[in-house]
Amino acid sequence: MKTTLLRPADATVFLGSAGKHVQSAVPALEYAKDGDRERVPITKSRFIIGRSESEADLVREETGISRIHAEIVKEAEGYSVRDLGSRNGTYVNGVLLAPYRMQLLQEGDIVKIITTEYTFKMGS
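Under my numbering, read the sequence shown as residues 1 to 124, first letter to last.
Keep in mind that a hint or two might mislead.
What the hints assert, rightly or not - Under the rule of at most 16 Å between Cα atoms (straight-line distance), these lysine to aspartate or glutamate pairs were calculated in the EDC-like manner:
1) K33 with E117
2) K44 with E55
3) K112 with E75
4) K33 with E75
5) K112 with E62
6) K33 with E77
7) K74 with E107
8) K74 with D57
9) K112 with E38
Because the hints were derived from the structure by calculation, they are not lab data.
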């Protein structure tokens, strides 16, 4: 039997799908801002939300938000959120978190800080 090459050995073969949008594998928070949806990737193992530009990874200037209000933490089980002792609290799916207590996040969970609702996306 004879083997026949169908294309040169150094040919480029495209294995993807043309025209499809590829989403990042990085988890993110999505929220509404000025009528548009914003997506903020969670790129650190400790991701802080607050109004302090020098300490927060996601800076929000909303009235009532603390300097360092809450954080998203990467753990062995996945990602968790924790309120950092803020005056006005942090909610997950409508339930007020106890300060400094970790709450495991699932795809689509709603984290509410003051009036802003952040949807947690695992990334895929």
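Hints versus structure:
1. K33 with E117: Given that 16 Å is the threshold and the Cα spacing comes to 10 Å, the pair holds.
2. K44 with E55: Given that 16 Å is the threshold and the Cα spacing comes to 13 Å, the pair holds.
3. K112 with E75: violated, 21 Å
4. K33 with E75: Given that 16 Å is the threshold and the Cα spacing comes to 29 Å, the pair is violated.
5. K112 with E62: OK: K112 and E62 at ~12 Å, within 16 Å.
6. K33 with E77: violated, 30 Å
7. K74 with E107: holds, 14 Å
8. K74 with D57: Holds - the C-alpha atoms of D57 and K74 are around 14 Å apart, at most 16 Å.
9. K112 with E38: Roughly 15 Å separates the two Cα atoms, so the pair holds.
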